[in-house]
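Q: Residues per chain are reported as follows:
Protein chains: 4
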Amino acid sequence: MLVVMQSDATAPQVDRVVAVIRERGLTPHVLPGTTRTAIGMTGNTSAVEAALFESLPGVSEAIRVTKPYKLASREMHRDDTAIPLPQGTFGPEAFTIVAGPCSVEDEALIFRTAEFLLENGITFLRAGAFKPRTSPYSFQGLGREGLAILKKVREKTGIAVVTELMDTDNADAVEEAVDVIQIGTRNMQNFALLKRVGLARKPVLLKRGMSATLEEWLMAAEYIMAGGNYQVILCERGVRTFADHSRNTLDLSVIPPAKTQSHLPIVVDPSHGTGKRAYVPSMSLAALAAGADGLLLEIHPDPDKALSDGAQTLDFPTFAKLLNQLRQLAPTLGRSIPSGRSESVC
Amino acid sequence: MLVVMQSDATAPQVDRVVAVIRERGLTPHVLPGTTRTAIGMTGNTSAVEAALFESLPGVSEAIRVTKPYKLASREMHRDDTAIPLPQGTFGPEAFTIVAGPCSVEDEALIFRTAEFLLENGITFLRAGAFKPRTSPYSFQGLGREGLAILKKVREKTGIAVVTELMDTDNADAVEEAVDVIQIGTRNMQNFALLKRVGLARKPVLLKRGMSATLEEWLMAAEYIMAGGNYQVILCERGVRTFADHSRNTLDLSVIPPAKTQSHLPIVVDPSHGTGKRAYVPSMSLAALAAGADGLLLEIHPDPDKALSDGAQTLDFPTFAKLLNQLRQLAPTLGRSIPSGRSESVC
Amino acid sequence: MLVVMQSDATAPQVDRVVAVIRERGLTPHVLPGTTRTAIGMTGNTSAVEAALFESLPGVSEAIRVTKPYKLASREMHRDDTAIPLPQGTFGPEAFTIVAGPCSVEDEALIFRTAEFLLENGITFLRAGAFKPRTSPYSFQGLGREGLAILKKVREKTGIAVVTELMDTDNADAVEEAVDVIQIGTRNMQNFALLKRVGLARKPVLLKRGMSATLEEWLMAAEYIMAGGNYQVILCERGVRTFADHSRNTLDLSVIPPAKTQSHLPIVVDPSHGTGKRAYVPSMSLAALAAGADGLLLEIHPDPDKALSDGAQTLDFPTFAKLLNQLRQLAPTLGRSIPSGRSESVC
Amino acid sequence: MLVVMQSDATAPQVDRVVAVIRERGLTPHVLPGTTRTAIGMTGNTSAVEAALFESLPGVSEAIRVTKPYKLASREMHRDDTAIPLPQGTFGPEAFTIVAGPCSVEDEALIFRTAEFLLENGITFLRAGAFKPRTSPYSFQGLGREGLAILKKVREKTGIAVVTELMDTDNADAVEEAVDVIQIGTRNMQNFALLKRVGLARKPVLLKRGMSATLEEWLMAAEYIMAGGNYQVILCERGVRTFADHSRNTLDLSVIPPAKTQSHLPIVVDPSHGTGKRAYVPSMSLAALAAGADGLLLEIHPDPDKALSDGAQTLDFPTFAKLLNQLRQLAPTLGRSIPSGRSESVC
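Chains as they are written, first to last, in the working numbering: chain A, 1 to 346; chain B, 347 to 692; chain C, 693 to 1038; chain D, 1039 to 1384.
Some clues are possibly wrong.
Restraint ranges, calculated between C-beta atoms of paired labels, are given here [unchecked claim]:
hint, chain 1, residue 1, chain 2, residue 2, range
1, B, 396, C, 843, 55 to 61 Å
2, C, 748, A, 55, 53 to 59 Å
3, A, 278, B, 398, 44 to 50 Å
4, A, 172, D, 1214, 57 to 63 Å
5, A, 8, D, 1343, 46 to 52 Å
6, D, 1298, C, 864, 54 to 60 Å
7, C, 1016, D, 1374, 57 to 63 Å
Keep in mind that the hints were calculated from the coordinates and are not lab data. Backbone N, C-alpha and C fix where the C-beta goes; we use that ideal spot for every residue, glycine too.
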């Protein structure tokens, strides 16, 4: 059920609706919009009648929402959601690029990459301290030591940091150390983890599961939002199909339906999506043209020596060239790529 | 085996190589390039030694090709293939748009669409006279009567026509009536049909099978090329996966690997690829950005009254708006969208 | 629309219903059952009212059928269809095994295999005269010469022969030469071919397309049946998925829903389904237990020297052992494996 | 690297090999077999030479293992692994059936089901205390309260209990309460969870991920085994494909390759695999015939009133009938279905 307020509804009128929802044992979610406020409710709404709310002052209408997801649904929130951070915004108009090495190999690599990014106007760094590896015998990341390096680079350079959280035990540490918490594809339906980051105060970048339908993906976002954290960024990273021309099948075609069904921003990871660096630039341009709100890219000063995922990683000159192409294309598509490095950042 | 000639090789030297190939019971394929000529051979080449050719005058080197496809392979033909027609070219630099209704419903519709397209500088019309329908009880197209309409619009307006051929019985009629012969997704491995269009003198637009790997798709192209028809245009039109957010999963990610493996031009059909008109514009822009050489689009003056596939069909104003966006984007991507309608055409 | 006659309806009453259907411009299909006759109709039935038929003498009820397929639907034909041939039946109670080499390599091979089969009580031989090959450079089968061999083995030994038809040009020849016409997986939606075998007087074994849903498969059967040939045998042969543990993913789970939706018999081809001979026996037993009506198996006296598909082909002793296991299992599952070789056959 | 001892090797000779492995900084895994002992090692084995071990007394040979999984590989352990519990064994010869309601709804349901099972000779009960639900608003299970009920039924009736563990926080509680710990399909690559159950002293039933290859599945088993817990039971429960005839595509075809690659027992869950109760009996029989070591089945005294997954749940009479069919079939396939309820159990 979604209660849409009149455009001139007052704050006490909103509060009254919230109170009525609480009285029914349900949880209200106040969703301010540009012209009017809507109030969603979660819990067992089957016994609640729309007429109850429509009789309250300031209410325009009460709508029964049919999608299994509510908070993630565009029915609940007509406008595109923008998730602002000091270093840039994930959302409409912007095209936000997050780049960095697959894993935090050592401090020198992270600082070198951060400096290169900031010089090029990119204010978001990605790097994994904890690495989900198919084999128990593969390099599993530096762990807490890696987190400390990420925290340091953030403090020293002002760059925003995105890193993956793999388990609830490290949730406090990751939340404290970084700017955006990433949930990986293998954990898209790790419900304990989703609930935990639903309590976090940092935005969550939620990768699509390897064979997740759009509805399942939005339901995973709903788990996070139902906990109170509305700052969810979707990330398409390739799905599993019969096709063998690339490691995964990067599904850019999910972008328009995701935008139709949901108000959440969506970024694309063509590095994991293709698994092959030669295909990354074309797919990055295509993601921008398809309507994505940003990119997640793997870059490394010496990809062939990277400890993980080198085959899909761009070197610095290739990345700079791609960035240039993206900047040329963006205005035609109504997007701007933030130039970053303002005083407020560093 | 591929025999690469020296850049200054003479015609008699090429002829000599051709003759030697024939003597071994193999079929030579002369593939002229911008700087040098290469000669492929098909048949059982296992017993032929490279040294035999390398000793002939004018030969630079003889290379054993490892891909199962030869003529479709970029190893055999380094440059992008351009397929020129009087009304425009499928290949590098151009971005060629083919549009029209799903089926030839009647003469008025076809002429109205052709005129609209030509007014907008689009010189390729698509429309089905024969329709592959999942149900035997669905409208199967006007057949020969539809072909006659297509032939007429072509003669009267000069527009180039693309239509699907579904069986060998109609091959002569279709080849005579239109400019480009389309092989549909369900027939990508209809080998009798592939062999037949391998003998045609018109270009063939080969749609990817619903679950075809890139290699199988290029092998289907190889069937056509092995018959002597080197004018093959690949067309991505969505594949079948678990995803249910659109009718098929439009696989733009196949474009970079297709360009790496093959020299053939590739166009994208976002209408069938998504099955939903609202998603077509974004996917069209993304196809251009991903490196496609053109688009195949379903348009109709009144999509909701179309006899087939209305849900995925654009109306004229939406198409014109999309065309405008594509024209704005193309130059940044090193492409030009032919403006068409020169005197030589009509 | 399906008109169900009373159990004691007379032949003239049936004829009357048929005549009324024809008067409406529709095609009647008389479907005799064990206790009563039903009459389906195809064509545009939207304007026909059930009441019209229910007022005719001998009619029990007229039911509007909602599935897109009618003739293939169990709604139209409650009982399992049995397709009897002199050498055995495809349908309930029986478990009919068809075995043989992938391709007709030469006459000696075919006779040797037929004799081995008959000695083991198996009365159906499979072998390809025309071979669908992914590569134009692979062995394409002996063609008409192969057909002649099949015709000869049939005449000399009385064994029933199943072979694939790939194109309409060879339809007459194949229909004349063999007992069951196979339509391959790549041609499941080759509608020209389906229409052609809809006119044939021999049963058609219809392989499931590589990514065909159950509905699409039954619609392909419907194409054949709409032409008047109701003798369709479905054949599951593996579908295309992300899984790489076998060449295709043999989908035994389609058997119960196929039996629910349709009355047609269904057999399983574990040779193509798995692509690996070591997996064939287990999957054969599982097919029997899952409710299949038979098997299509590749066998060869010397699989490693087979001209095609050797990797998935059983040798004779392994086949004999499997046959023994199947015969032990069948009675518990309410099936009998015909012992064949009666006088009437040879 | 796998060190295979001579069949008459002594315990001190085995100890010597173990010590040499430890000296190299690697972890030894002693794997006793029926005729001889093998010793695997994990860690970075690239610098270790086979010759080093082959010179030690009692060693037959040292083999470099090429699969990415080692402990789960049949190369490391030639014989089928049997996992014995007091109530029955998962492994060769037995066919072990685990049945029960989707979730622990209340104590009465669990006791009623346990009694029904034991009366029918089934000694393994499944029921979820923690439920992975796609929606945050769906019933999530009784949690710790459900665990207490399971513990009680186990103590009072002697039935063995299988339940799912969804997060590390509940690991101790689940391990203490039940006999077999289930890891669900969504957590197959929840590496933190896999590592935790690698330390458990109870067998782990590891469901295949929704789009996991066989190799990824065995690598997930390897995570558990690398922690020291070698009691892993694989469970096929349907994968995600394009097919829509059932909720998932139950992949029985993975059984023979899983048996070839690994020595671990494998059971099948046709309830989740098909999602429809009408298909469960056929697929259960097929699983037995395909070589599975057991079944996981959802049953409920009143499936239509079940709090979750009712559509795929068998009622008691249908289950009893299926059990009877399985018992008839099993001996022919070299399996026995334990009759259970011996004194030692209760």
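Q: Hint by hint, say whether it matches the structure.
A: Evaluation of the provided hints:
For the pair residue 396 of chain B and residue 843 of chain C, the beta carbons lie near 45 Å from each other, so the given range of 55 to 61 Å is not met. Separated by about 57 Å at the C-beta atoms, residue 748 of chain C and residue 55 of chain A satisfy the suggested range of 53 to 59 Å. Residue 278 of chain A and residue 398 of chain B have their C-beta atoms about 35 Å apart, which leaves the hinted 44 to 50 Å range violated. A C-beta distance of roughly 26 Å is found between residue 172 of chain A and residue 1214 of chain D, which places it outside the suggested range of 57 to 63 Å.
Distance hint for residue 8 of chain A and residue 1343 of chain D: a CB-CB separation of about 48 Å, consistent with the stated range 46 to 52 Å. In this structure, residue 1298 of chain D and residue 864 of chain C break the distance hint of 54 to 60 Å, their C-beta atoms being roughly 45 Å apart. Restraint check, residue 1016 of chain C to residue 1374 of chain D: a C-beta distance of roughly 21 Å breaks the suggested window 57 to 63 Å.
Checked against the numbered hints above, the structure breaks hints 1, 3, 4, 6, 7 and satisfies the rest.
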